[in-house]
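A.B. asks: Listed here are the chains, written in short residue letters.
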Amino acid sequence: MTDTPSPSDAGTGLRAEGISRTAGGALVLDGVTLAPRPGTLTGLLGPNGSGKSTLLRVLAGVLAPDAGVVTLDGAPLPTVPRRALARRVAVVEQHADTQVDLTVADAVRLGRVPHRRAWSPATAADEEAVRSALARTGLADRAHRTWRTLSGGERQRVQIARALAQEPRELLLDEPTNHLDIQHQLDLLALVSALPLTCVVALHDLNLAAMHCDHLVVLREGRVAAAGPVREVLTERLVADVYGVRAAVTHPGPDGRPHIRFLGTAPRDG
Amino acid sequence: MTPASTSASVSASVRSSRALTPLAGAAGVALLCVSVALAVTLGPADVRVADAWSVVAARLGGEPSGLSAIREGIVWDLRLPRTLLAAVCGAGLAVCGAVMQSLLRNPLADPFVLGVSSGASTGAVAVVVLGAGGGLVSVTGGAFLGAVCSFALVLLLSHTLGGSTDRVVLAGVAAMQLFSALTSFVVMTAADAETTRGVLFWLLGSLSGADWTDAGVCAAVLAGALLVCGGHARTLDAFAFGEDAAATLGVPVARTRLVLLSVTALLTAVLVSSAGAIGFVGLVLPHAVRALTGPGHARLLPLTALAGAVFLVWADTLARTVLDPQEVPVGVVTSLIGVPAFVLVLYRTRSAR
Numbered sequence: 006m007t008d009t010p011s012p013s014d015a016g017t018g019l020r021a022e023g024i025s026r027t028a029g030g031a032l033v034l035d036g037v038t039l040a041p042r043p044g045t046l047t048g049l050l051g052p053n054g055s056g057k058s059t060l061l062r063v064l065a066g067v068l069a070p071d072a073g074v075v076t077l078d079g080a081p082l083p084t085v086p087r088r089a090l091a092r093r094v095a096v097v098e099q100h101a102d103t104q105v106d107l108t109v110a111d112a113v114r115l116g117r118v119p120h121r122r123a124w125s126p127a128t129a130a131d132e133e134a135v136r137s138a139l140a141r142t143g144l145a146d147r148a149h150r151t152w153r154t155l156s157g158g159e160r161q162r163v164q165i166a167r168a169l170a171q172e173p174r175e176l177l178l179d180e181p182t183n184h185l186d187i188q189h190q191l192d193l194l195a196l197v198s199a200l201p202l203t204c205v206v207a208l209h210d211l212n213l214a215a216m217h218c219d220h221l222v223v224l225r226e227g228r229v230a231a232a233g234p235v236r237e238v239l240t241e242r243l244v245a246d247v248y249g250v251r252a253a254v255t256h257p258g259p260d261g262r263p264h265i266r267f268l269g270t271a272p273r274d275g
Numbered sequence: 003m004t005p006a007s008t009s010a011s012v013s014a015s016v017r018s019s020r021a022l023t024p025l026a027g028a029a030g031v032a033l034l035c036v037s038v039a040l041a042v043t044l045g046p047a048d049v050r051v052a053d054a055w056s057v058v059a060a061r062l063g064g065e066p067s068g069l070s071a072i073r074e075g076i077v078w079d080l081r082l083p084r085t086l087l088a089a090v091c092g093a094g095l096a097v098c099g100a101v102m103q104s105l106l107r108n109p110l111a112d113p114f115v116l117g118v119s120s121g122a123s124t125g126a127v128a129v130v131v132l133g134a135g136g137g138l139v140s141v142t143g144g145a146f147l148g149a150v151c152s153f154a155l156v157l158l159l160s161h162t163l164g165g166s167t168d169r170v171v172l173a174g175v176a177a178m179q180l181f182s183a184l185t186s187f188v189v190m191t192a193a194d195a196e197t198t199r200g201v202l203f204w205l206l207g208s209l210s211g212a213d214w215t216d217a218g219v220c221a222a223v224l225a226g227a228l229l230v231c232g233g234h235a236r237t238l239d240a241f242a243f244g245e246d247a248a249a250t251l252g253v254p255v256a257r258t259r260l261v262l263l264s265v266t267a268l269l270t271a272v273l274v275s276s277a278g279a280i281g282f283v284g285l286v287l288p289h290a291v292r293a294l295t296g297p298g299h300a301r302l303l304p305l306t307a308l309a310g311a312v313f314l315v316w317a318d319t320l321a322r323t324v325l326d327p328q329e330v331p332v333g334v335v336t337s338l339i340g341v342p343a344f345v346l347v348l349y350r351t352r353s354a355r
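Protein chains in written order, with the working numbering: chain Y, 6 to 275; chain P, 3 to 355.
There may be inaccurate statements among the hints.
[Stated by the list, open to error] Some but not every residue of chain Y turned toward chain P, in silico, with C-beta under 7 Å:
hint, residue
1, V85
2, R87
3, V96
4, A101
5, V105
6, V118
7, A123
[What the hints assert, rightly or not] A few chain Y positions that, by computed beta-carbon distances, are all more than 12 Å from chain P:
hint, residue
8, A112
9, H120
10, L191
11, L196
12, A252
I should point out that these hints are in silico values taken from the structure, not numbers from a laboratory.
All C-beta atoms, glycine included, are put in the ideal place defined by N, C-alpha and C.
Okay, chain P solo, but in the shape it has when bound (with noise of 0.2 Å):
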């Protein structure tokens, strides 16, 4: 190969990458949008995309939808919400796997690595069942409540341990057996067989309480928190090799990582108190992204979050849809449709393994 060749086609793979990411991310946003259009119409009560869009426009000052008051009340005070919650959760688990995954240099890690899920539990389910905080902490505060409490533990931990990745790692998953033993206890002594149903099914996930103050809260930490990981998508590269290479590479690893740690510790608390801990989502959406798009976070990150809402949003239409009038947590629903596809990824990426 000549030398003018050899540039051409490095600077034509450069050029490449740079092109597939404004395209894909458009595909991306653009199958969003008709995902969340679609499934604000599906369920018992028939709604079309038309009527669906003549709510949205009544309720932003525009003229009456010409819809019945509890018509648009589905559309607006149920489904939307809980759609939009759903394509933020993940958005936000996705890229927070994605996140944590490169930052902690284990395929293995997820938004609950950090035993944030199993803190908002005992924290709920201290709420829930004993009562706690006297009526003044509500479930979600409760929850929000314990995810921080975990985390602080595992920084504390990890930071006493010697503060190595795979320190923060061990010390995650003592803080997760820690609170669940916690949660479970709590569940099995106090609780009676109502009670323990409703916790269960907020363990395993769930959007059916979404309304829009749950989906502006979460939205709204999404968007920070995207912004700081964008702005980090460089830095999460250069962890590839190593803390130690990052650090060569002008990298300030501590900082970096209580950083980044931080951020997606708050941003899955967020996630998990209004929606319990949907599982599966951060783990494997972005290795499947990962096996499309490469390594570079600049493309991994937007496309991962853009393909967790995607995927969110149809889990959870499936899990109120598919046993209708029962709802499936959407936790089940996202493990029995993704591990399958997950599986399928990994097979047809095995020959670069």
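With the rest of the complex left out, here is chain Y (with noise of 0.2 Å):
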């Protein structure tokens, strides 16, 4: 598995210019530019309706922007095969689910497909690549559970799993902590701050943000409302701007990481 870019490859990773889109007639992202640093983790932040989502399914290239271009390595995501795309960019959807009966090795050899061609048997590194992606998510012992036996952790768990076994180099993942309990969210980012690879994850608690992200970017209404390094983006001014709500930030917090204490709802221009 390449953990780190090698040196004869340094593109510029997975990066977002100008991007806009509308749904149903109303604008979702407006002009949005994101580009994550190579092996870093990356918090995309903002109320329901901001377009975090919207912002995901364009970088992964599932969903065309109107206006503004995705590249990878400098290349238009237009322009990279499916297959290729694949290779190097994995997704974690929100609520991954499925009514088939699969088990979590099942699952996890699905981020094998865009390395396998028709009709051809799986190699020795698929199997690998499936066998270390158990093993760095912890499932290597319930390989043989079936989906509808899994929690909500030990699913998104798979989800992380099976987009390892795709040996990207970019990993999207929206909102993976929703609905898990407090051990499983810190679990979860633990993991996921942990991996060698670029990461945007999409998330809605802004101290699991503050404790895990290197950066965060900030939307609201589509627009970037603020990005940089978590101390500089994480403030009293922004909560209320961005989220309507009255916060007491102490930097550093009991981890040395910006801590966001809530007070209240707050009146938008307060």
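Build the complex from these two chains, which are given one at a time in their own frames, with help from the hints.
C.D. replies: Now the structure itself:
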């Protein structure tokens, strides 16, 4: 598994520039630029409907932008072959679910789809990637459990393992901690932040973002309201402006990271 | 569990699932051959397996079989093409069902979900009852045209309605209702009792009109469809978590859906044109096989084809022998046998649900 970009192809990674996208007549993204630094974890914040999910779908190449361009190592996404893109960029969806009675190993093996040709059997490299992904997500002893029997936290881990089996260099996660209890939220983000990949993760919980992210991009009504290192972005003023919530931001908090305590809702202009 | 033992157990599972396919496949092929050979011998005229074999050898250019022309005709012109058509139809309908269920992410999907069978019925009835085509179009041809019209309507409707999989299913249901209504209307207003009976028999599915042309055409289309579907086995796996997830795994979703829907609709149209709408095989057999093999399509598709073939060979044998000399529509037999079997499979796999 290639953990770090080799010097020969040190491109610019995945970049979104001036992305606009409408949905049902409304402008969901309006000139958004996002350039995650290679090997870091970028948190994507913003209220419901601010365009986080849409931006991730555009970054993943699932949704075409109306304006702007997403590039992978400088090449616009429409020019990158689908399978090549899937070997570089992996996506963990918000509510991945299935009626199919898959085992954990079956689901993780889906990550090898972009690496395999029709009719060809799995190679040693395929099996090793699956084994490694299961081990890194702590699922090795649960490989034969079926999807139905898994808890929400385990399901998200399986999705991350499947994404790792794709052997990507970029990993996009859409609110992966939704519906998880606090222990699983922390476990999951600790796992993601330890990955030697360029990760972009949409999050709702500001303290989780403060704990684990290297950089933050905050969206409001489809535009970038703030972007930069965590301590510069997460301010009382920003929380009031973007979320309409009064907050006390302590920096450094108990763990050396900014800590946000919410005090109540505030008028947006206040 | 140590990392080494874990890795061993994971790769062991990979190995065992791979080893299962050739073995189960070989067993399935053997079972199918035995089934066809036995089915040919069963019926009012007494024929032994050796007799059937010598007839086949004689027709393929070997020594004369030594049987009377009538018995040779029974084997070569009636039972053999009929049994082979049953195998081809069973395999084709079951594979179409498996593909549709995965592609549309709907456990109730079957080869007829896109209205193909209803369209075929309308086409056939238009030819039989109304004399459409002025004698230039056969019943089979009319059924095929009807099926293609229905599928085209479904594609057009689902595209207009937004193109997502649930829209495809809804468009299919709409087309099915429309063509069923048209068929009923034509039959009720224009057909006499004898024609109605013939049409009904065909609607329920019957292999009684099988000849070598039917069997050959269906087998050729089945072979092509199996190649296309088999080549998409891994792609179909990737649809487990939905179309977006498939897209992020590098699957060209829209193209794959169009190709697979078209291929399965074409195969279904050809099968229905020859044998009528034999129900149940395409809906239930994929579930039964999936319960035994797991969801991976590289295993599921070939084993479903074999299971469908064996199942329909025996269902048709029953259909033509059980009330001899009267014949039961094979679609009736498939449901009468299949429903209890299906309930049993669901019951035995209930803990996994």
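A.B. asks: Each hint should be assessed against the structure and marked as holding or not.
C.D. replies: Structure-based check of all given hints:
Nearest Cβ of chain P to the Cβ of Y:V85: about 10 Å, over the 7 Å cut. The hint is violated. Proximity of Y:R87 to chain P holds as hinted, the smallest CB-CB distance being about 5 Å (cut-off 7 Å). Restraint check, Y:V96 versus chain P: the minimum CB separation of about 4 Å is within 7 Å; hint holds. Hint status for Y:A101: holds, given a least beta-carbon distance of 5 Å to chain P, under 7 Å.
With a cut of 7 Å, the hint placing Y:V105 at the interface with chain P holds, because the nearest CB-to-CB distance is about 4 Å. At about 4 Å, the closest approach between the beta carbon of Y:V118 and any beta carbon in chain P falls short of 7 Å, and the interface hint on this residue holds. Given hint, Y:A123 at the interface with chain P, holds; its Cβ is 4 Å from that chain's nearest Cβ, closer than 7 Å. Interface exclusion of Y:A112 from chain P breaks down, the closest Cβ pair being 7 Å apart, not more than 12 Å.
A beta-carbon of chain P is positioned within 12 Å of the beta-carbon of Y:H120; the least distance is around 9 Å. At roughly 24 Å from the closest C-beta of chain P, the C-beta of Y:L191 stays outside 12 Å, upholding its exclusion from the interface. Separation of Y:L196 from chain P is adequate, the least Cβ-Cβ distance of about 17 Å exceeding the 12 Å criterion. Distance check for Y:A252 against chain P: the nearest CB is about 34 Å away, which clears 12 Å, and the non-interface claim stands.
Of the hints listed earlier, those the structure fails to meet are numbers 1, 8, 9, in rising order.
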